[in-house]
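As a plain string of letters, each chain reads:
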Amino acid sequence: AQSVSQHNHHVILSEAASLELGCNYSYGGTVNLFWYVQYPGQHLQLLLKYFSGDPLVKGIKGFEAEFIKSKFSFNLRKPSVQWSDTAEYFCAVKFSGGYNKLIFGAGTRLAVHP
Amino acid sequence: DAGVIQSPRHEVTEMGQEVTLRCKPISGHNSLFWYRQTMMRGLELLIYFNNNVPIDDSGMPEDRFSAKMPNASFSTLKIQPSEPRDSAVYFCATTGSSTDTQYFGPGTRLTVL
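Line by line, the protein sequences give chains A and B.
Note that this note's numbering has the first sequence beginning at 8, numbered continuously upward.
Note that this note's numbering has the second sequence beginning at 1484, numbered continuously upward.
Treat each hint with caution, since some may be false.
[As the list claims (entries may be wrong)] Simulated coverage check for chain B against chain A, where a stretch passes if three residues somewhere in it have a Cβ under 8 Å from a Cβ of chain A:
1) 1520-1530
2) 1588-1594
[What the hints assert, rightly or not] Estimated spans, in silico, between C-beta atoms of each pair:
3) Asp1546/B to Lys68/A: 37 to 47 Å
4) Glu71/A to Arg1568/B: 33 to 43 Å
5) Ala8/A to Glu1545/B: 14 to 24 Å
6) Ala23/A to Glu1527/B: 31 to 41 Å
7) Arg1568/B to Ala8/A: 21 to 31 Å
8) Ser87/A to Phe1557/B: 39 to 49 Å
9) Pro1537/B to Ser59/A: 26 to 36 Å
Derived from the structure by calculation, the hints contain no laboratory data.
Where is the CB? At the ideal position from N, CA and C, for every residue including glycine.
Work the whole structure out from these sequences, hints included.
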């Protein structure tokens, strides 16, 4: 079955710490990969996406993600987090076929302390 | 572009009442998704449409839930009768044939008393 796993459900960091959130998916075919962010009380917004090309993708607000096909992973990183990065982060995958349906991970709640 | 528009933004109703949530997709987008988000269950896909046709409604929790997309610019999600456990934030998201990126609306926060 197609699935997306986010291993960290809750992450607590201090400002300026580095961040890495894990995301793995179950399928070995062609995929499109996404990270969405949901700030408290708001809707999901696109952070970055990977369709093809350079496996290191840069997104908004200093975030980046690396697609490692051999590991079926698409981990999100940020070298130095800020208090304003406190949010929930969702990894999502579009597997080949299936119209434009995305399979979402369970989300990771990040709390950044000043 | 105004983005995905959802109404109402907040809805408070009593158990047993009918609730209708509305979504207007981004112009030109031909796929529309309804999600439900709760603390306990996270983000759940309820149903999605492609070119106004329901493709997969396996996520609809029970017969009390129904969704329609009568045209390319409007969709509704109806709950009849509503129950307290339906309290959640309901998101609509849309995407177009030229992109796989889903754009989310602001959501409707439903509270059933």
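Going down the list of hints, with the structure as the test:
Only residues whose beta carbon comes within less than 8 Å of a beta carbon in chain A count, and the stretch 1520-1530 of chain B has 3; three or more means the coverage holds. For the stretch 1588-1594 of chain B, the stated coverage by chain A is satisfied: 3 residues place a CB nearer than 8 Å to a CB of that chain, which reaches the threshold of 3. Under the hint 37 to 47 Å, the C-beta atoms of Asp1546/B and Lys68/A, about 43 Å apart, fit the expected range. For Glu71/A and Arg1568/B, the hinted distance range of 33 to 43 Å is satisfied, since their beta carbons lie about 39 Å from each other.
One distance hint, 14 to 24 Å for the beta-carbon pair Ala8/A and Glu1545/B, holds here, with the actual separation near 22 Å. Against the hinted window of 31 to 41 Å, the Cβ-Cβ separation of Ala23/A and Glu1527/B comes to about 35 Å, which satisfies the hint. In this structure the supplied range 21 to 31 Å holds for Arg1568/B paired with Ala8/A, their Cβ-Cβ distance being about 26 Å. For Ser87/A paired with Phe1557/B, a C-beta distance near 44 Å keeps the hint of 39 to 49 Å intact.
The hinted window of 26 to 36 Å between Pro1537/B and Ser59/A holds, with their beta carbons roughly 30 Å apart.
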